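Let the hints inform the model, and build the full structure from the sequences given.
Under this note's numbering, the first residue of the sequence shown is numbered 18, with each subsequent residue one higher.
None of these hints come from the bench; they were simulated from the model.
Okay, derived cross-link-like pairs now, DSBU-like style, lysine-lysine, Cα gap no bigger than 35 Å in a straight line:
1) 243 / 146
2) 45 / 323
3) 592 / 514
4) 212 / 351
5) 514 / 721
6) 154 / 190
7) 634 / 316
8) 592 / 472
9) 49 / 697
10) 399 / 283
11) 434 / 472
12) 624 / 692
13) 731 / 702
14) 472 / 514
15) 212 / 155
16) 316 / 706
Bear in mind the structure is a predicted one, so any value in this text is a computation, not a measurement.
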Amino acid sequence: MKLRIKNLSLMLIVLLASFNVSKGQKTKSFTKYVNTFIGTAPLTDSAILGYNLPKGWRSWAGLTFPGSSMPNAMVQLSPITEYGSGAGYEYEDNMIYGFTHTNKGHWNLCNIPILPVSGKSTTPDQDGKFGSHFSHKKESSAPGFYQVYLDDYDVNVSLTSTLRSGYHKYEYKNKTGRKILFDLGKANNRVGNWKIEQIGNTDLQGFQNVGEVIYFYAKLNNNIEKLEKQEEGSRKGFAMVHLADGGKEPVELKIGLSFVSTENAKENLEKEIGTKSFNQIRNEGTQTWETILSSIQVKGGTEKQKQMLYSSLYRSLLWPALRSDVNGEYTDAKKKPGKADFNYYTEPSLWDTYRNKDVLLGLISPKVALDVIKSMKDVGDKTGFIPTFFHGDHGASSIVGAYLRGIDNFDVEGTYKLLLRNANVSPGARPHLEEYIQKGYISDPDIANPHVETKANAGVSKTLEYSYDDYSLAQMAKKLGDTTNYRILMARSKNFKNMFDPSTRFMRGRLPNGDWIKNFNPQYPYYEYMYREANAWQVSFFAPHDIPGLIELYGGPVGFESKLDSLFTVPWNPKYIARNVETMIGQYCHGNQPDHEAPFAYHFIGKPEKSQKIIDKILNELYGIGPEGLALSGMDDAGEMSAWYVLSSLGLYTFSATDPEYLVTAPLFDEVIWKTNTNKTLTIKKPGKGRGITVIKVNGVENKGYFVSHDLFKNGGNLEIITK
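Right, here's the structure in full:
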């Protein structure tokens, strides 16, 4: 009897321990809040968009992908429902054409499409496509995992991945006639050539050339009966792997990628996956994401706000993408092989991400941020210039911002010299640089009837952005003791004032002779005429390095406040349609980047409550929207939109990303515990329910102004935000 009681007691103890472990694990799970489908659905509400979508148009409300990826990985393994679309996957579609291995959400990549096929002919449809219907009811995802059932082929597909490799698991209902399509003639980029060959009984290797060559090496756990190739190398061609019959286990395909060689692709696969099982790789991926997401922990807030926070943090950490192999080899900017003792990454999407995402990357993953700078320096060494992206010269802000925040273990002097070349050498990284230096502005022609697609110099946007870039580089010059260049660059940083027309109180285009462009409508958006993807309203508040100087242009705080009020209240004209200038609050556009600093500008005239009202509206009404709650208010642009949400929801925004300081706003959460990249703890508390900030305390001492120093991240500390 005593023995039975003792055994029952032991069982109770074990059960209680199991319950407590289970309970503890539940409270520590952060990946459960990540919804990788956010940003895949279109936004159709004209009241939010600002206009009625023309027939055949799809809004750019996210352009994200739901598949498996590790942080800043080479491989993003995701389904494709439409080639040529932003990220390959559109939530409203019901056909999957393959599972591709690279992604960004930028109309490119989507390389090496693979699709399990069963029961159908090996002949594609009339459009040259294979594919299967699917349902969201039989689809699921999580960071590092994606699953879907292919209805037409009766195959359950599960995907997971490592940094440089993908792992497919196919559960075929039919055990005979099993095939795997390598649809190598297709990608989001134009395919120039491709090749595939069988190695032994179970392996395959080859490449896809889309302007850059992407190599792969794949291993199957099933013998290959034959490899059928149709028009190898052509865009109409494909390869079909016929699997030998037999075997009850799921078919598993492990594939390594490389931008150097098939040998490196094989080595990447062997080193990262090797003999590990699907579940081992999936669990390792989950743990990687748990670790990185857990650096920020919150109390309070709604379930949706937590979902948006961690989904946005996840999305902020997918790009730039790794491009070097496990042996350190990579292909450089001149398409020549190189080898480095750091991880080589793609160039950041600087026009978008310098504003906030590059800073967030450094706060969460400083080693990645450091290696991105080293990679940009390598590009500069090969080309003579630090790379730019799309518009502006924001490598200056991205690199200098990281440097001033303590990420400095790189060739600082060499990088600085290259940034000086960007700022001073023409032709080079900055278009129209000679005119900018000579006149202090960049002109545009006076065009009689300009329209959205009119192509010119985007001189207003360039002048404003170069001014900020000059300021950014000046801060590096100052720290390095280069007083001559500091003075020159700081003088040039005032050039934004040359675009301000006091008669209209807008940043306005100028002719080469200095006259104002006469045909001027401040509400009309342009892609490249005077403004870059914006109108006059949306760029007229951009001077993040010198808001006092900007306020002065408007005649002081009263005039500035009046104009800023109008930005958010003057109705958008629904007849003015530019595809990515969407999601409007008055003239303010949150669906694109050029005015993302504007909601915070009221802080500079002592009216933070006005900023908070707009920020809260954006956070609560323009993220996770639409019928399914899966649309964003604009294209995520490699994580910039997501990073805006992360920082704004936590109450610390990078108003001038170059400067090692943060503008304090009211967080959505009662408490934020942030484990910093120096292994310190920053605690942010907002004890009250109010949204209007009255007092900011740093380590118990009342703060002067609304900015706090990066020292809080370096040394840890306590930030208390008192509201009314």
